[in-house]
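Residues per chain are reported as follows:
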Amino acid sequence: MSSSELQSLYQELILDHSKHPQGFGLADDAAAESHQVNPTCGDEVTLQLHVAPGTDLVSKVTWEGHGCAISQASASLFSELVADGMTIPVLHERIDLFRTAMRSRGTIEPDEELLGDAAALGGVSKYIARVKCAMLAWVAAEDALARVPA
Amino acid sequence: MTDTEIGRIRSDFPMLSETVNGNPLVYLDSGATSQKPLAVLDAERDYYFHENSAVHRGAHTLAALATETFENARASVARFVNAADDEIVWTANATEAINLVAYAMLNASIDGSALGLKAGDEIVVTEMEHHANLIPWQQLAARTGALLRFVPVDDAGLLRLDDLDSIITPRTRVLAFTHVSNVLGVINPVDLLVARARAVGALVVLDACQSAPHLALDVKALDVDFAAFSGHKMLGPTGIGVLYGRNELLNALPPFLTGGSMITTVTMEKAEFLPAPQRFEAGTKQVSQAIALAAAVDYLSGIGMDRIAEHEARLGARLVEGLSTIPGVRILGPAVGEERVGLASFDLHGVHSHDVGQFLDDRGIAVRVGHHCAQPLHRRLGITSSTRASAYLYTTEDEVDQFLSGVRDTSAFFGVTSTGVTA
Numbered sequence: 001m002s003s004s005e006l007q008s009l010y011q012e013l014i015l016d017h018s019k020h021p022q023g024f025g026l027a028d029d030a031a032a033e034s035h036q037v038n039p040t041c042g043d044e045v046t047l048q049l050h051v052a053p054g055t056d057l058v059s060k061v062t063w064e065g066h067g068c069a070i071s072q073a074s075a076s077l078f079s080e081l082v083a084d085g086m087t088i089p090v091l092h093e094r095i096d097l098f099r100t101a102m103r104s105r106g107t108i109e110p111d112e113e114l115l116g117d118a119a120a121l122g123g124v125s126k127y128i129a130r131v132k133c134a135m136l137a138w139v140a141a142e143d144a145l146a147r148v149p150a
Numbered sequence: 001m002t003d004t005e006i007g008r009i010r011s012d013f014p015m016l017s018e019t020v021n022g023n024p025l026v027y028l029d030s031g032a033t034s035q036k037p038l039a040v041l042d043a044e045r046d047y048y049f050h051e052n053s054a055v056h057r058g059a060h061t062l063a064a065l066a067t068e069t070f071e072n073a074r075a076s077v078a079r080f081v082n083a084a085d086d087e088i089v090w091t092a093n094a095t096e097a098i099n100l101v102a103y104a105m106l107n108a109s110i111d112g113s114a115l116g117l118k119a120g121d122e123i124v125v126t127e128m129e130h131h132a133n134l135i136p137w138q139q140l141a142a143r144t145g146a147l148l149r150f151v152p153v154d155d156a157g158l159l160r161l162d163d164l165d166s167i168i169t170p171r172t173r174v175l176a177f178t179h180v181s182n183v184l185g186v187i188n189p190v191d192l193l194v195a196r197a198r199a200v201g202a203l204v205v206l207d208a209c210q211s212a213p214h215l216a217l218d219v220k221a222l223d224v225d226f227a228a229f230s231g232h233k234m235l236g237p238t239g240i241g242v243l244y245g246r247n248e249l250l251n252a253l254p255p256f257l258t259g260g261s262m263i264t265t266v267t268m269e270k271a272e273f274l275p276a277p278q279r280f281e282a283g284t285k286q287v288s289q290a291i292a293l294a295a296a297v298d299y300l301s302g303i304g305m306d307r308i309a310e311h312e313a314r315l316g317a318r319l320v321e322g323l324s325t326i327p328g329v330r331i332l333g334p335a336v337g338e339e340r341v342g343l344a345s346f347d348l349h350g351v352h353s354h355d356v357g358q359f360l361d362d363r364g365i366a367v368r369v370g371h372h373c374a375q376p377l378h379r380r381l382g383i384t385s386s387t388r389a390s391a392y393l394y395t396t397e398d399e400v401d402q403f404l405s406g407v408r409d410t411s412a413f414f415g416v417t418s419t420g421v422t423a
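Here the protein sequences come in this chain order: A and B.
For the first sequence, the positions run 1 to 150 when the working numbering is used.
For the second sequence, the positions run 1 to 423 when the working numbering is used.
Bound-form chain A, shown alone (with noise of 0.2 Å):
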């Protein structure tokens, strides 16, 4: 029927957060936001960080946009990830992990302790043409962190 790298790129973890986003619909009050597209297919994330004043806490994540079931997806379980609140250092850090995780060609499985649920999407690194989508809503995260006004 289909191979079980697609199973494992597919997984109904990742259907299911395609389909029932996390964190889907903007707010007025984020600290910051970025904005950022995939020409090849056209895909969007408009992802925002909410910061709670005075601290380096980002306590939630906002976000909208429209794509592939993986750059969806990876939006929602990024937005997930953080839910809980996260520290800027932190988050950087799980980025970066998230990033090497997705360049590694499948040979670095992601740290589902660190990276939580997002843990699912560490098929996509099998398929190269396909990082991008996973890593659409994180570089918008990256891009956002660096406009979180100091």
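Hints are not guaranteed to be accurate.
[What the hints assert, rightly or not] Some chain B residues near chain A, calculated using beta-carbon distances under 10 Å:
| no. | residue |
| --- | --- |
| 1 | S11 |
| 2 | P14 |
| 3 | G370 |
| 4 | T396 |
| 5 | D398 |
[Unchecked claim] Taking CB as the label site, the calculated pair distances span:
| no. | chain 1 | residue 1 | chain 2 | residue 2 | range |
| --- | --- | --- | --- | --- | --- |
| 6 | B | S301 | A | G106 | 24 to 34 Å |
| 7 | B | A199 | A | K126 | 53 to 63 Å |
| 8 | A | V90 | B | L38 | 36 to 46 Å |
| 9 | A | T100 | B | N251 | 58 to 68 Å |
[Claimed, not checked] Where chain B lies over chain A, by a calculated footprint (3+ residues, C-beta under 8 Å):
| no. | region |
| --- | --- |
| 10 | 21 to 29 |
| 11 | 96 to 108 |
| 12 | 132 to 144 |
If you're looking for bench data, these hints aren't it; they were derived computationally from the structure.
Virtual Cβ for every residue (Gly too), placed ideally from N, Cα, C.
Given the coordinates of chain A, assemble chain B onto it according to the supplied hints.
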């Protein structure tokens, strides 16, 4: 064409025996780039083995031989589209060919010469254009103060010709449109559009990228002023494209790129230019690629463009007939039963084209996903991307059926119903 003949054709294409993800390759992306027969690969190799030398410069034996082969290639391609030899300009691809016309017109505008544009002039394109036949005209309009207008499309993506006379008017200087849409597979009514352009004195630029490879193209019968196409979509190598231009127009246009090989007399102050096509061929051209493209058109002519077109029309019909029975599929362009080439794009409700393409790729089926360099058309159709299957002379009915079964399974895998994806 019979199955036996297609089998024989397929054996000329080494790539078609490749496996992808453990499956025999089903290549349905010829609209993006075609596979190449041995005759084309051999022509390029033979040139480098036996004739490689500088063309149009030097007097030694090999230089003369290379020049002759290079110019014979031009003659072959000219015959292929029923043009005169001096009406064929080598470019890198169709994109460069269209840009050449637009930039030469920009230079004419700066010079204040006859083919230049000025504020108050209008350029007309269509809403279904590939970016390569849209952006050069946007740029030309922006730089000359001309107005860019377009012939709109309807909800299926087909040209709405009802307001043609109010869009193409005596102010129109250029009408640029595609012969066959790379997304919709529709063959546009060239006769109607050219008649209107002629009535108002506008120049006609035809994007023939999706027609030159797939049907008999006669630039004189179509009565267009310019036509552009790419070698790599018609069995040729990458890096070679063609601009056809009516001889008197080419010679009336100022050059786009300048330098060696395109001049008669040069002083420290100024230069005089050769007539077309050399005036548009500055520098060393794509010699081996041009020679290989000639081998490609000879290969196509050997089979017969009308027979190829008929074969592909049958595959196009099979594609849309099959797609129309799959839950959640919306076919773009001509409906089932209407004329189309061997190409079909569709939207699978609630599933992104990249996910459709990924599922098919798992079975070794190569299709194009995304906006196919036609963002405005997709936006008009209310979608951001689509999945496209495009056939060629070597495509079999069995391959179309494998693709259809793949799309059916994709639809089931992602839980698509006729109204959307299930929760």
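Quiz item: Hints broken by the structure, by number, lowest first?
Solution: Hints 1, 2, 4, 5, 6, 8, 10, 11, 12 are the ones this structure does not satisfy, whereas the remaining hints hold.
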